[in-house]
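Engineer: Take a look at the letters that make up each chain.
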Amino acid sequence: KQEVTQIPAALSVPEGENLVLNCSFTDSAIYNLQWFRQDPGKGLTSLLLIQSSQREQTSGRLNASLDKSSGRSTLYIAASQPGDSATYLCAVPNTGNQFYFGTGTSLTVIP
Amino acid sequence: GAGVSQSPSNKVTEKGKDVELRCDPISGHTALYWYRQSLGQGLEFLIYFQGNSAPDKSGLPSDRFSAERTGGSVSTLTIQRTQQEDSAVYLCASSLARGNTEAFFGQGTRLTVV
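Here the protein sequences come in this chain order: A and B.
Take any residue in the first sequence, count from 1 to its spot, add 324: that is its number in my numbering.
Take any residue in the second sequence, count from 1 to its spot, add 4: that is its number in my numbering.
Hints listed in this document are in silico derivations from the structure and should not be mistaken for laboratory results.
The structure displayed is predicted, hence computed values, not measured ones.
Ideal Cβ placement from N, Cα and C applies to all residues, glycine included.
Each hint should be verified, as a subset may be incorrect.
Stated by the list, open to error - Here are some chain B residues pointing at chain A (derived, C-beta under 8 Å):
| hint | residue |
| --- | --- |
| 1 | TYR37 |
| 2 | LEU47 |
| 3 | PHE49 |
| 4 | ASP60 |
| 5 | GLY63 |
| 6 | LEU95 |
| 7 | PHE109 |
| 8 | GLY110 |
To be verified - Just the calculated beta-carbon pair ranges, DEER-fashion:
| hint | chain 1 | residue 1 | chain 2 | residue 2 | range |
| --- | --- | --- | --- | --- | --- |
| 9 | B | SER62 | A | SER376 | 20 to 26 Å |
| 10 | B | ARG114 | A | GLN405 | 24 to 30 Å |
| 11 | B | SER70 | A | GLY340 | 45 to 51 Å |
| 12 | B | GLY46 | A | GLU339 | 25 to 31 Å |
| 13 | A | PRO435 | B | SER77 | 39 to 45 Å |
| 14 | B | GLY44 | A | GLU327 | 15 to 21 Å |
| 15 | A | ARG385 | B | GLY44 | 24 to 30 Å |
| 16 | A | PRO332 | B | SER9 | 29 to 35 Å |
| 17 | A | VAL337 | B | THR80 | 38 to 44 Å |
| 18 | B | GLY55 | A | GLN405 | 37 to 43 Å |
| 19 | B | PRO65 | A | SER352 | 28 to 34 Å |
Same shape as in the complex, but just chain A (with noise of 0.2 Å):
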C-alpha cells in the first residue's frame, strides 16, 4: 500500500521568506503527484500537478519537482505571503483507483 509523508507538519515563517514543502512516497509507480492547499473549512484546492515523466512544474511563485525515482518531491514556495497561509497536501494515484494524501503541512506566514 502507498504510504506518502510530508514533513515538517507545521511550518512559521516571515512574510517575505522562500520555503520548501517535502513529501515523499512509497511506491515509485505512480502515475503522476499532484499539490493542492486546503484553507481552514475549505475543500482542496489544485496547485501543480507533476506527470511521471516530469521533473518540475512551475505556476507563478510555486515550483514543485519530482524525483519518481526516490520517491520525492518538493514545492518551492517564492517570496512567501500572508495569503500563502494554509495547509498544504500532496497526493498521488497509482496503479489502484484512489488518490494517497500525505499528512499535510500547515503553514503559516507572519506579516
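Given the structure of chain A, go ahead and fit chain B onto it with the hints provided.
Structural biologist: Just chain B now, kept in the frame of chain A:
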C-alpha cells in the same frame, strides 16, 4: 459547470437519521471520488466511480454507507442510521479519467451528527 459542486455545504442531523450528500462533477469528467476528512485527520478514501463501470467501494467504512452515480454524472452519497463518528467533512472530486489527469475537489459537505 465551472467546478465540482457539493450540496449541502453544511448538514446537522440527529443520530439515527439518514442523510444524502450530493456531488455534481465537472462536465465531461468520467472519474468521480468521494473522500472523508475527520477533524484533525487525513483524507480517507470512500468510493470511486469511472464511467459506467462498477464502482470501487473498497473504502466504504460500513454497510450503512452507499453511493450511486446516475447517468455518469451526479453522485449521491447516502449514510443510513447516522452515528456520531460519521461527523466529518465529505469531499467529492472529479477528473477527466483515472490516474494521470488532474483531480478537482468540491468545497465539501460538513456533516455533524448530534
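Engineer: Next step is simple, just say for each hint if it's right about the structure.
Structural biologist: Going through the hints against the structure:
Annotation: TYR37(B) was flagged as interfacial toward chain A, and the flag holds, the nearest CB pair being 7 Å apart, inside 8 Å. Interface hint status for LEU47(B): upheld, as the beta-carbon distance to the closest one in chain A is roughly 4 Å, under 8 Å. Given hint, PHE49(B) at the interface with chain A, holds; its Cβ is 4 Å from that chain's nearest Cβ, closer than 8 Å. For ASP60(B), the interface hint holds, the least distance from its beta-carbon to any beta-carbon of chain A being 4 Å, beneath 8 Å.
Hint status for GLY63(B) relative to chain A: holds, with the closest Cβ pair at about 7 Å, below 8 Å. Using the Cβ-Cβ criterion of 8 Å, the hint placing LEU95(B) at the interface with chain A is satisfied: the shortest such distance is roughly 6 Å. Restraint check, PHE109(B) versus chain A: the minimum CB separation of about 4 Å is within 8 Å; hint holds. For GLY110(B), the interface hint holds, the least distance from its beta-carbon to any beta-carbon of chain A being 5 Å, beneath 8 Å.
Separation of SER62(B) from SER376(A) is about 23 Å and conforms to the stated range, judged on CB atoms against 20 to 26 Å. A C-beta distance of roughly 28 Å is found between ARG114(B) and GLN405(A), which places it inside the suggested range of 24 to 30 Å. Look at SER70(B) against GLY340(A): about 50 Å separates their beta carbons, and that is inside 45 to 51 Å. In this structure, GLY46(B) and GLU339(A) meet the distance hint of 25 to 31 Å, their C-beta atoms being roughly 28 Å apart.
Distance hint for PRO435(A) and SER77(B): a CB-CB separation of about 44 Å, consistent with the stated range 39 to 45 Å. Taking 15 to 21 Å as the suggested C-beta distance range, the pair GLY44(B) and GLU327(A) conforms, at roughly 19 Å. Judged by the Cβ atoms, the range 24 to 30 Å given for ARG385(A) and GLY44(B) holds: they are separated by roughly 29 Å. Take PRO332(A) and SER9(B): their Cβ atoms lie about 34 Å apart, and the range 29 to 35 Å holds.
Restraint check, VAL337(A) to THR80(B): a C-beta distance of roughly 42 Å satisfies the suggested window 38 to 44 Å. A hinted range of 37 to 43 Å holds for the C-beta pair GLY55(B) and GLN405(A), which are about 41 Å apart. Distance hint check: the CB atoms of PRO65(B) and SER352(A) are about 29 Å apart, consistent with the given range 28 to 34 Å.
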